[in-house]
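Asker: These are the residues of each chain, in order.
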Amino acid sequence: MVRHLFLGTALGTFVAAVMLASAWADGAGGIVPIAASTSAQETFNKQCGACHMAYPPVFLPARSWKAITNDLAHHFGEDASLDKATTKIIADYLMANAADRAPGVPEGVLRGIGPGDAPLRITDTPFWNSVHGNISATMFERPEVKTKSNCLGCHEGN
Amino acid sequence: MSPMNPSLSLALSAIAVSLLSTFGAIAAVGSGQQAVIDHYVAAAKASDPAFKGFSADRGKAFFLAKHTANPDTPSCSTCHTTDPKQMGQTRVGKPIDPMAVSVSPQRFTDLDKVELWFRRNCNTVLGRECTALEKGDYVTFLANQ
Chain P
1 MVRHLFLGTA
11 LGTFVAAVML
21 ASAWADGAGG
31 IVPIAASTSA
41 QETFNKQCGA
51 CHMAYPPVFL
61 PARSWKAITN
71 DLAHHFGEDA
81 SLDKATTKII
91 ADYLMANAAD
101 RAPGVPEGVL
111 RGIGPGDAPL
121 RITDTPFWNS
131 VHGNISATMF
141 ERPEVKTKSN
151 CLGCHEGN
Chain A
1 MSPMNPSLSL
11 ALSAIAVSLL
21 STFGAIAAVG
31 SGQQAVIDHY
41 VAAAKASDPA
51 FKGFSADRGK
61 AFFLAKHTAN
71 PDTPSCSTCH
81 TTDPKQMGQT
91 RVGKPIDPMA
101 VSVSPQRFTD
111 LDKVELWFRR
121 NCNTVLGREC
131 TALEKGDYVT
141 FLANQ
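Listed in order, the protein sequences are those of chains P and A. Heads up: the first sequence begins at 1 in my numbering, then just goes up one per residue. Heads up: the second sequence begins at 1 in my numbering, then just goes up one per residue.
Be aware that a few hints might be false.
[Stated by the list, open to error] Below 30 Å or equal to it, Euclidean Cα-Cα: the simulated DSS-like pairs (lysine-lysine) are:
| no. | chain 1 | residue 1 | chain 2 | residue 2 |
| --- | --- | --- | --- | --- |
| 1 | P | 146 | A | 52 |
| 2 | P | 46 | A | 45 |
| 3 | A | 60 | A | 94 |
| 4 | A | 85 | P | 84 |
| 5 | P | 146 | A | 60 |
| 6 | P | 88 | A | 113 |
| 7 | A | 45 | A | 60 |
| 8 | A | 94 | P | 46 |
| 9 | A | 113 | P | 146 |
| 10 | A | 45 | A | 66 |
| 11 | A | 85 | A | 52 |
| 12 | A | 85 | A | 113 |
| 13 | A | 113 | A | 52 |
| 14 | A | 85 | A | 60 |
| 15 | P | 66 | A | 60 |
| 16 | P | 46 | A | 113 |
| 17 | P | 146 | P | 66 |
| 18 | A | 113 | A | 66 |
| 19 | A | 85 | P | 46 |
| 20 | A | 45 | A | 94 |
| 21 | A | 94 | P | 146 |
| 22 | P | 46 | P | 66 |
| 23 | P | 84 | P | 66 |
| 24 | A | 94 | A | 66 |
| 25 | A | 52 | P | 84 |
| 26 | A | 85 | A | 66 |
| 27 | P | 88 | A | 94 |
| 28 | A | 113 | A | 94 |
| 29 | P | 146 | A | 85 |
| 30 | P | 46 | P | 84 |
| 31 | P | 146 | P | 46 |
| 32 | P | 66 | P | 88 |
| 33 | A | 52 | A | 94 |
| 34 | A | 52 | A | 66 |
| 35 | P | 88 | P | 46 |
| 36 | A | 113 | P | 66 |
Honestly, the hints are just simulated from the structure, not real lab data.
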């Protein structure tokens with residue numbers, strides 16, 4: 001797996017904290033768990049993580065997660081639908097831990113997203129682009145990366 | 001054990017060969033997969049009284065077939081590759097365990113999971129749900145791989 005100095009240092013420090021998904025840095029610099037049920041997070045990891053990385057909910061506002069989970073039958077060109085009960089567990093988990101609801105989220109994550117905007121891709125947000133803007137297209141086209149949606153093609157994580 | 005009458009033995013062999021040619025090498029299918037196949041046998045019979053059994057060859061052709069509903073995912077083999085014993089990959093690069101039961105023994109042992117993925121992937125690739133015959137052929141093919 002390719003490791004870039006850039007990814008491994010300044011950005012890595014921030015993203016590593018974010019990518020814990022269930023945790024966020026508190027005011028004292030430590031890591032505190034988000035008050036979401038563990039089983040909901042496990043359901044999210046298992047179901048959504050079957051096809052792609054279980055994207056950290058903190059990268060999109062709750063209205064984005066609502067729009068995504070409202071139409072899983074048409075999910076970026078694929079039918080990813082689940083039964084109603086499982087869908088609700090995942091939707092509630094994602095919205096509770098979203099950028100505009102989780103505690104202590106840096107303002108920068110929501111920068112440039114208007115109150116009426118509900119971006120469906122993390123890679124469409126100004127925040128994502130601000131920290132990936134200097135990466136060439138060929139980096140994303142590498143076989144081990146394939147697409148900007150494949151965070152783990154470059155970043156450590158699971 | 002007493003020696004078997006040669007003509008009886010021959011007749012039994014003929015029946016066995018006939019059964020095998022109808023159902024493929026189902027004798028080798030694990031009990032978990034067999035339970036899933038039995039579910040689709042019942043469904044296939046219910047929708048077609050003339051149902052004659054599943055075919056691994058038809059399942060293979062279905063697995064490799066190219067469809068037109070979705071240009072990004074024209075075939076099962078788009079993500080699973082044309083060799084079911086190999087790892088596959090989702091469109092965003094996540095590895096998929098091989099579909100061949102000889103390599104992934106847990107495949108096709110949980111009917112709910114099988115039904116979930118047939119519903120999603122048939123809708124994605126074919127733009128419709130799959131029939132019981134298509135599902136049974138597909139499982140029969142991969143249970144024998």
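Asker: If a hint holds in the structure, say so; if it does not, say that too.
Answerer: Evaluation of the provided hints:
The suggested pairing of residue 146 of chain P with residue 52 of chain A is violated, with an alpha-carbon distance near 44 Å, which exceeds 30 Å. This hinted pair does not check out: residue 46 of chain P and residue 45 of chain A have alpha carbons roughly 34 Å apart, beyond 30 Å. With a C-alpha separation of about 24 Å, the suggested pair residue 60 of chain A and residue 94 of chain A falls inside the 30 Å cut-off, and the hint holds. Distance restraint check for residue 85 of chain A and residue 84 of chain P: the Cα-Cα separation of roughly 34 Å exceeds the 30 Å cut-off, and the hinted pair is therefore not satisfied.
For the proposed pair residue 146 of chain P and residue 60 of chain A, the alpha carbon gap of about 28 Å is at most 30 Å, so the pair holds. Distance restraint check for residue 88 of chain P and residue 113 of chain A: the Cα-Cα separation of roughly 19 Å lies within the 30 Å cut-off, and the hinted pair is therefore satisfied. For the given pair, residue 45 of chain A sits about 21 Å from residue 60 of chain A by alpha-carbon distance, which is consistent with the 30 Å threshold. Taking the CA atoms of residue 94 of chain A and residue 46 of chain P, the gap is near 13 Å; set against the 30 Å cutoff, the hint holds.
A threshold of 30 Å between alpha carbons decides the hint, and for residue 113 of chain A with residue 146 of chain P the separation of about 27 Å falls inside it, so the pair holds. Among the hinted pairs, residue 45 of chain A with residue 66 of chain A is consistent with the structure: their alpha-carbon atoms are about 27 Å apart, no more than 30 Å. At roughly 28 Å between alpha-carbon atoms, residue 85 of chain A and residue 52 of chain A fall within 30 Å of each other, so this suggested pair holds. At roughly 20 Å between alpha-carbon atoms, residue 85 of chain A and residue 113 of chain A fall within 30 Å of each other, so this suggested pair holds.
The hinted pair formed by residue 113 of chain A and residue 52 of chain A meets the criterion: a straight-line CA distance of about 26 Å does not exceed 30 Å. Distance check on the hinted pair: residue 85 of chain A and residue 60 of chain A sit about 13 Å apart at the alpha-carbon level, within 30 Å; holds. Straight-line distance between C-alpha atoms of residue 66 of chain P and residue 60 of chain A comes to about 39 Å, which puts the hinted pair past the 30 Å bound. Restraint check for residue 46 of chain P and residue 113 of chain A: the C-alpha separation of about 12 Å stays at or below 30 Å, so the hint holds.
At most 30 Å may separate the alpha-carbon atoms for a hinted pair to count; residue 146 of chain P and residue 66 of chain P meet this at roughly 27 Å. A distance of roughly 24 Å separates the Cα atoms of residue 113 of chain A and residue 66 of chain A; the hinted pair therefore holds under the 30 Å criterion. A hinted pair counts as satisfied when its Cα atoms are at most 30 Å apart, and residue 85 of chain A with residue 46 of chain P qualifies at roughly 23 Å. Under the criterion of a C-alpha separation no larger than 30 Å, the hint pairing residue 45 of chain A with residue 94 of chain A is inconsistent with the structure, at around 37 Å.
Distance restraint check for residue 94 of chain A and residue 146 of chain P: the Cα-Cα separation of roughly 10 Å lies within the 30 Å cut-off, and the hinted pair is therefore satisfied. A C-alpha spacing of about 19 Å is found between residue 46 of chain P and residue 66 of chain P, which places the hinted pair at or below 30 Å, so the restraint holds. Pair hint residue 84 of chain P plus residue 66 of chain P holds up; C-alpha atoms about 14 Å apart against a cutoff of 30 Å. In summary, the hint linking residue 94 of chain A to residue 66 of chain A is supported, as the alpha carbons are separated by about 22 Å, within the 30 Å threshold.
Pair hint residue 52 of chain A plus residue 84 of chain P does not hold up; C-alpha atoms about 36 Å apart against a cutoff of 30 Å. Of the supplied pair hints, the one linking residue 85 of chain A and residue 66 of chain A holds, its CA atoms being roughly 20 Å apart against a limit of 30 Å. Between residue 88 of chain P and residue 94 of chain A the CA atoms are separated by roughly 24 Å; this keeps the pair inside 30 Å, and the hint holds. Between the alpha carbons of residue 113 of chain A and residue 94 of chain A the distance comes to roughly 18 Å, so the proposed pair stays at or under 30 Å and holds.
Proximity of residue 146 of chain P to residue 85 of chain A is assessed by CA-CA distance (about 22 Å); at most 30 Å being required, the pair is judged to hold. Note on residue 46 of chain P and residue 84 of chain P: the hinted pairing holds, with a Cα-Cα distance of about 16 Å set against a maximum of 30 Å. Taking the CA atoms of residue 146 of chain P and residue 46 of chain P, the gap is near 22 Å; set against the 30 Å cutoff, the hint holds. Only pairs whose Cα atoms come within 30 Å are accepted, and residue 66 of chain P paired with residue 88 of chain P is accepted, the gap being roughly 10 Å.
Proximity of residue 52 of chain A to residue 94 of chain A is assessed by CA-CA distance (about 38 Å); at most 30 Å being required, the pair is judged violated. Pair hint residue 52 of chain A plus residue 66 of chain A holds up; C-alpha atoms about 25 Å apart against a cutoff of 30 Å. The hinted pair formed by residue 88 of chain P and residue 46 of chain P meets the criterion: a straight-line CA distance of about 15 Å does not exceed 30 Å. Distance restraint check for residue 113 of chain A and residue 66 of chain P: the Cα-Cα separation of roughly 25 Å lies within the 30 Å cut-off, and the hinted pair is therefore satisfied.
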